[in-house]
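Colleague: Read off the chains here:
2 protein chains.
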Amino acid sequence: MKSEQEEHYVPRATAKRLPVYYRCLKKLADKGVKRIKSQEISELTQIPSATIRRDFSHFGELGRSGYGYEVDYVLEVFHEILNVNKIVNIALVGVGNIGKALIANNFRRDDNMKITCAFEKNEEESGKILSGVPIYSIDQMRSVLSRENIHVAISTVPSEYSQESINMLVDSGITSILNFAPGRVVVPSRVDVRYIDLTGEILTLVYYDGKLLPPTIKR
Amino acid sequence: MKSEQEEHYVPRATAKRLPVYYRCLKKLADKGVKRIKSQEISELTQIPSATIRRDFSHFGELGRSGYGYEVDYVLEVFHEILNVNKIVNIALVGVGNIGKALIANNFRRDDNMKITCAFEKNEEESGKILSGVPIYSIDQMRSVLSRENIHVAISTVPSEYSQESINMLVDSGITSILNFAPGRVVVPSRVDVRYIDLTGEILTLVYYDGKLLPPTIKR
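So the sequence lines, in the order shown, correspond to chains A and B. Under full-length UniProt numbering, the first residue of the first sequence is numbered 1, with each subsequent residue one higher. Under full-length UniProt numbering, the first residue of the second sequence is numbered 1, with each subsequent residue one higher.
For reference, chain A alone in the conformation it holds in the complex:
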């Protein structure tokens, strides 16, 4: 394996694919598969095998040419990298439709990942407990997050309140935010924000849908 120093430079695109690889290898290991080639991983993940080999190379010598990868070993390495054993407690801000759906599902297929508290401005919601998750008022955010030592949050607050919500999260010690409002927010460099942009995803799909079809069968 490379030194920890070098690991810092794993490209973001590679990091994004790690969970996909991890789940694929986990399924294979559960089925008793011991050894696998990049071409086979490619068929299962729909990621080109050259990309897989390049991605894997960031984590040292995980396999040998012509022999493939030892599933258990690669899994162990990715497991460690992804901190899969670490319990991730997540705070949710905004208990509207999407927020309620997230609480109801609550990463049920991932034992180590849980929304453990939620915050909502609407006083009709705060004070309730939904599927075991307590809903607090916004002004309790700082004390609850500090008490529960939570550093990861999901914001489902509408765009117009998004920056305000993210500011409060940052002030409360959150360093990783998944934001369901697509408008870019400003955060200190130590904070990482990822965006779920459903409208953007559909626009991108439709854009490709139109452009990649030969002109004659364009709708």
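Hints are computed from structural coordinates only; laboratory data are not their basis. The reader is advised that the hints may include incorrect statements.
[Unchecked claim] Just some of the chain B residues that point at chain A, by a computed CB distance under 8 Å:
1) 14
2) 23
3) 26
[Said to hold, decoys possible] Covered stretches of chain B (in silico footprint by chain A; criterion: 3 or more residues with CB under 8 Å from a CB of chain A, positions within the stretch not fixed):
4) 41 to 53
5) 131 to 143
6) 180 to 193
Treat the numbers as computed from the prediction; the structure is a model and nothing was measured. No residue lacks a Cβ here, since even glycine has one placed at the ideal position from N, Cα and C.
Put chain B on the given structure of chain A with help from the hints.
Modeller: Showing chain B alone in chain A's frame:
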């Protein structure tokens, strides 16, 4: 502007940022801003200005060095590229928690994008109308999608049924799919699938959260 032929080669990463640029420029135009520099767009979108200039260059001469971009003109070009005026009717498969949240929100801030029909295996849901969206049984999929000429779908079906759901969509003429199950599915090359992987997003956030902090303040 470049010829249509050349436009085919817009990198996917650029295409993914187009909706972000579009929304940013739309907001500026609504505020009466006429001209803007890449540095200013960068501040608003949190995308590096060099990336913005490179992205914009794929669409021909949109601006001049030192002068910036004419907001209305760039907006017009992106508008056309993104087919923003085209009405996108979307089919939804799976009316669980996430499906219901999507129907309730239904892209309400985008007039041209709407979930217009939904399909659900559970017979307690099919036959109902939720927020104006009719819920059909799965075996009505082919006839409804063909009748309504729908080519874009969102699948919120759990991973274990995801491939089955996507096969049915493809057989029914769908060419663009947004899939809330992260497991990669196999589709013909004419079909484009994008994945919303919430667990993966959180894993990536936590991975970065751990690795990017200096060792001394690692949790």
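Colleague: If a hint holds in the structure, say so; if it does not, say that too.
Modeller: How the hints compare with the structure:
no.: 1; hint: 14; in the structure: violated (10 Å)
no.: 2; hint: 23; in the structure: holds (7 Å)
no.: 3; hint: 26; in the structure: violated (11 Å)
no.: 4; hint: 41 to 53; in the structure: holds (count 4)
no.: 5; hint: 131 to 143; in the structure: violated (count 0)
no.: 6; hint: 180 to 193; in the structure: holds (count 7)
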